[in-house]
Each structure stands twice: as structure tokens, then as C-alpha cells.
Amino acid sequence: MHEQVGRYGMGRGSFLLMMALLFSFSCSVEKYIPEGEVLYTGAELETNLLTEEKVQDIKKVKAELQTLLQPQPNSSVLGMRLGLYYHYKAQREKPGFLNKWLNKKFGEEPVYLSQANPERVEELILNRLDNKGFFYSRVSSEVDSSAKKAAIRYSAELPRPYTMQTFQLEKDSLPIYSAIEDALTDSQIQNGQRFDLSLMKFERERIDNELKKKGYYNFNPDFLIFEADTNRYDNRKFDLFLRLKSQVPERSIIPYEIDSITVYPNYTLGDSVEVTSPKMVNGLAFVQNEEYFKPEQLEPYILFEKGQPYNAYTAQLTSNRLSNIGSYKFVNIQFTETDTTANKDGAGSLHSEIFLSPLTKRSIRAELQAVTKSNGFAGPGISVAYSNRNLFKGGETLSIIGNFQYATQISGGDNQNLSSIGGGLKTDLTIPRLVPFSPSRFKYAVPKTKISLGGDFLNRSKLYSLTSFNTSFGYTWNANRYVFHALNPISVNYVNLTNTTEEFEAILDKNPFLRRSFEQQFIAGLTYTFTYNELVDEDKSNPIFVSTNIDLAGNLLSLVSGNETIFGLEFAQYAKADVDFRYYFRWAKERTLIARLYGGWGVPYGNSTTLPFVKQFFSGGPYSVRAFKIRSLGPGTFTSTDDSTTSFFDQSGNLSLEANLEYRFPIWSYLKGAFFADAGNVWLTTEAELLDGESEEAIAFNERLQTEGKFGKDWTKELGVGVGFGLRVDIQSFVIRLDLASPVRVPYLPEGERSRIPFFEGGDDNLIFNFAIGYPF
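Position 705, counted from 1, in the sequence shown is what the working numbering calls 718; the numbers after and before it change by one each time, with no gaps.
Careful: at least some of the hints might be erroneous.
Derived Cβ-Cβ restraints for the label pairs, each shown as a range [stated by the list, open to error]:
#1 PRO84 to GLU603: 14 to 24 angstroms
#2 GLY359 to PRO502: 29 to 39 angstroms
#3 ALA160 to GLY394: 55 to 65 angstroms
#4 PRO108 to GLN347: 14 to 24 angstroms
#5 GLU709 to PHE417: 16 to 26 angstroms
#6 ARG219 to ASP441: 56 to 66 angstroms
#7 TYR246 to LEU182: 46 to 56 angstroms
#8 LEU182 to LYS374: 37 to 47 angstroms
#9 PHE678 to GLN745: 11 to 21 angstroms
#10 GLU774 to GLU603: 45 to 55 angstroms
If you're looking for bench data, these hints aren't it; they were derived computationally from the structure.
Computed from a predicted model, the values in this text were never measured in an experiment.
Glycine included, C-beta positions come from ideal geometry on N, C-alpha and C.
Construct the entire structure; sequences and hints are all you get.
Spelled out as C-alpha cells, the structure:
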């Protein structure tokens, strides 16, 4: 038996090896290489540090040197240069449609050894080493060539770098030196650092930016010069001096003040500015033939005033604020010198002009959509949106969106026979200021007030119809580049469940927990979202993302009504919060390891014994634990013994915990790959209220749900765990995702049988295929 299995394994392996060799040979490009040419396959650089002392950032220096190895060879996948192969095939006399298409999409021009210039690369490496303080380095190269292919090996010997002993500013009585000295308090140049030309260039730019904030409008970083002096040392050390170059123009070393500001709220690019009688508001002149934007509403967005020193940072913030209003396509702020000689205060004068080019005021857009949802439903839809910008001449935007969708459940196991028809109408009024408060001068971005009103309907086949109405009043604002806030002090949602089928009524009769979650039709309260997102900074190698949501419902209604209903409707009372934390490890090109932790908890109280159904947590599916079907995990070790249509509603909880680990990498052009591991589940921390007249079946079901779904000290043993891999087509942030996953731990099995070998052990639930739009997190 063992011998037979061994022979079969060898035969299968040999077959796969033979197929791989055959495919590799079929894609070989050597026969296409022209006579006299040798294919360039890349370069290697060996660095040898000629000192035993610790060298600052030596790994970073070596990584920079690697970027100088040019040209880049043709790309390869598993040793096959497919892009080059497609190019060669397309050059034949009759290439055929397929070869032409493959070449257009994936083809690459060949890179030959004749295109490489080792001498030039050696010069670049030496120059970069000099800039990094490794003076008198040595670089050599040699070509490693066969008949049709060649690589270049470079070797660099690095002596001990020069390090800085002292750094000082050479100054005189000019006032600008005091400003430079203040800027140097935050300098990144410190004693003991090695010589680094790029750091000095950065320091000049940083000082220039600081001077621009203090009125030095005409200053230029080229006016600053660093000088290194090694005369005092004979052991590769130096003193660094900073000073102004000689003969710097006087107009460049005096600060400037703003003496006048003119704003054109309705400017058309390319048109000349017509001279009309301006309207003055707080020292600003507003010029517009026909009022497009009320000056009183526009003035608070401009952060600089007449008589203030010029500040480039304030001007940039003003430009950002004006752009964020949502009414303007272009914002152009210009400064013109009105007096280049210093006044009695030693400052020059500037005139500012702000040109604002409006967007088209009204627009209408129709879209055909393909939609996938976290509950496994997918299908076509249509959306029509109408927008009116600057509705009341204060930057207000009115948006009306109507949509209609048909969806069927494509990834819910036996639930695939379910379908739904839905649609809705939503109206948003966005006001670029805090209403009803006085105009705000938030420096980073414009805070906005958003008023929403909408309605939706959903008809789910074989189950029910659901009509909902919602309205909200709240504020959104960016505190800085990374931090976003959204606060809705008023958030109201009314849900009306109608046309329930006998099948769905049977589900509700059996599950008191579920019935109570649908009975609370009126939800009113407060919601708050905080997001900290470092992903906006593409230069960060280890960004983090944190988002938390707080949802409080029913408190104010309880105080106002004094009972459990308002307008004859029972309202929900609960407190709910969740936190989503992600850490990204980025390295190489498009290679990222993401670690994610998620937790959410909702607590019903007052006249509520359960969370409303739309507020509950679910686990499993393409955006959760991908080795389990949609909403098939939990609560706890519970699993529905009935048909999957019933289980779709039974398996929810008011506590959720998840952890994910995913490694993403490029495969070819727009095609990306991923390996992942997920773990999670939902639990119950409350008990559903049993009412008089409940059936024995309902009582028994509730007892089992509470016993198996309750959160307890052994919760780690109740986590659903799975692993898998996926393919993603990522075209300019539009992502089609295909994931194949398999369970490692199945919590609803008997305790001694929960672990399994993924992809090899298990029944029908061993392989779970997920199709989705967008990344899971």
C-alpha cells in the first residue's frame, strides 16, 4: 500500500515537472534574440565595508545604491519572460490577433546588454557614495555572459565615512539670521552624523519653508550654502557651517506684509478681469458682476488678512479650504509686490488676488452598477444622481440620488435561491460650515454640516418586505491629514416589516430573540465615527489605520416620552461600539503584510432586550472569516439545525471579535495575489425575553441558543479559523476579488473534532469560494 502510494506520488510529480518544463520551453525567448545581441538579465552589487565601526543607516545606503543599477531587465515569472515572449511573437510577419493583443497588454521591448553602460553606472555609484560621506570609494564591474544572456556584477569598497563634529550658523546683524536661527532649533542635522548631501538639501528646503511662514516671500533655498571643513582633523571628521551666499538681493532678505486682498468669486479661466465696484467685507474686496457667492459667506474661508505678514503655509491652507467648499474647480492665489523697499518696520508690501473658477452648478449622472454585498447578494442596479452646487450662494450642495437593484444570493450555500428587489431615494444637503454656529476658521479643512433624508424598500423573495425611512443631522471634519470625525447628534431610522410569508413567520415563532429584534421599528439616537488613517501617506512603510464607531439610541426619546413608545411606535434603546485596527508592513514593490483586529459590542437596555436586527453582528463571508459561508458562524458554538434560509437569520450576536492576517503581492500587471488567515466569531451577552404563549419549540430553541451562544471564559476555543489564497484584478483602485479559503478550526463541531487540515479534511464545507468587489480591509 505504501509502495503504491509512493510510486503514484513520483509519477504525478514527474508529470507536473514535465508539464512545467514543456511550458517553460514553449515560452523560451532565446531563439528570438537577434544575431549580435545578448539579452540583459540584470545586475548585482556587492558592497564591502572597509571598517569594523558601526556605520549609520548602512542598510539604507546599500538600498539606494541598488536603485542605480540600470537598465532594468525584462520582467520574469517563474523564470519565464512572458512580456518579452509576447513582444517577439508579435513581430512575426503574421502574428495573429491573439499575439497582437497579448503584446499590447503585456508585451515588453527587449533589453540587451548593448543598452547597458557599466562605466556610467560606476560613476553614479561613486557619486552617490561621495554624497553619503564615503569619499575615496572604489567601484568595479564585470560582465558574466553566455551565448545569449548576460548579467553585470558590480563591486564597491566603502571606506569609513566622514562624520560631523560640530554644526554652527555663521551670522551677522541681518534680521533674517534670527529667523534662520529659530528654524535651526528643529534641525535634523546632529553632531556625530556622517556626511550626507541629501540631508543638507532637505535642511535648506526646510529652512526656506520656515522663512516663508515668517514673511520672507522672495527667499530661495539656493541662497543658503553649507561648507564642510576638515582642516582640524586627520581622522575623517569635519565641522559644518551654514551661511548666506554673498550678494543675495536685498528684496530676498526682508519680510513682506499683505497690504490688500481682492477676491474674484466667479472667475473664468482665460478671461480678463473686469473692473467693477468691489464689495468690502472685513478689509477684503470682492469683485463679481453678478453675485455668485455671498461675500459674507466666503470671507471666513480666507485665513490671511490685510496687515498680516506673508505666510506661505496660511496661503496653502486657504487654498485647500476654498477647494473643499465643493463649488470651485480651480483656486488660484497670487501675490504681487507693491513695494520692494522696506518700510519703517523693515518689511515690503504685497497685494493678494484670489481667483475662483466655479464648477458647473447643476449636473445629472446615471450609472449602471454591479453590486456585491457582505450578505452574499449580488446583481445589477441603476443609479441616477442630481447635484446642485452652491444652492443658496453659500457653497451649499444639494444631492438627490435614486437607485434600483435586483440581487440574488450567489455565495450563501443553499440560500442561493433567495433573491431581492430593492430601491431607494436619498436627499443630502451639505453645508460647508457648522450650522447653526457662527462661521468657523478651522485651519486644516472646512467642517461641513450634512442633513439627510431618505427612504428605501426591499422585497426579499419567500420571506418579507421591508420599508425604511431615515433622517440625520450632523457634522464632518478633518482635524488634520490623518484624522477624520463624523458626529450625528440626530439620527433617526424607522423600519416597517410587512408582507411576511408563512415561512418567515415560522422562523420568528421559533426564535424569540429574532422576533424581538424585528419588533423594535423605531431607532433614534446619536452616532460618532473617529478615523485615524496613515494610508494617505504613501511614503510610510508601516502605516496604521484605526476606526471606531459609537452608536447610542433611545436615551433622549426615553426622557421625552417617559415610556417605551413614541408616536405609538416602540423605540430601541442600546449602546453599541466597535473598533477596527490595522497595521501595514510595506516592503519592496507592492508587497504588504496586513494585520487586522476588530471588535464590536452592543448592549441593549431599558425597553430593549436585543439589538435591532440591522444593528447586530454577523460572522463569515468575503469581508469577514472567509473560510465560512455568509453569516454561518456563531453565536459561539451554535449552528442552526434547520434549513439554511432559517440559519441566515438565526446566527447573529451582540459581541463580535475578528483577527485577520493577509500578505499581498504582485503577480503580473493588474493581477495581484494574496495569502491570508482569518479568525473570528460572534456571541451573545444578553438573553431574549420569553413572553407568555411562546411555544415549546421556541422555548427549547432559546435555551439552546443561550447555552451555546453565550460568551464565556472559553471563547478562544470557539473561534472559527481559516486560511486561503486569492487573486485580485486591481485596475486603478477598482478591485475584483476571488478568494478560496478552507477552515482550520470549526467551532460548531464537537470539541474534540474542531481542528482539521485545511483543503484536505472536511465535507462540503471544506472549500469556500468568495467573489467580491474591493479588498476585504
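Unmet hints by their number, sorted upward, for this structure:
2, 4, 5, 6, 7, 8 and 10
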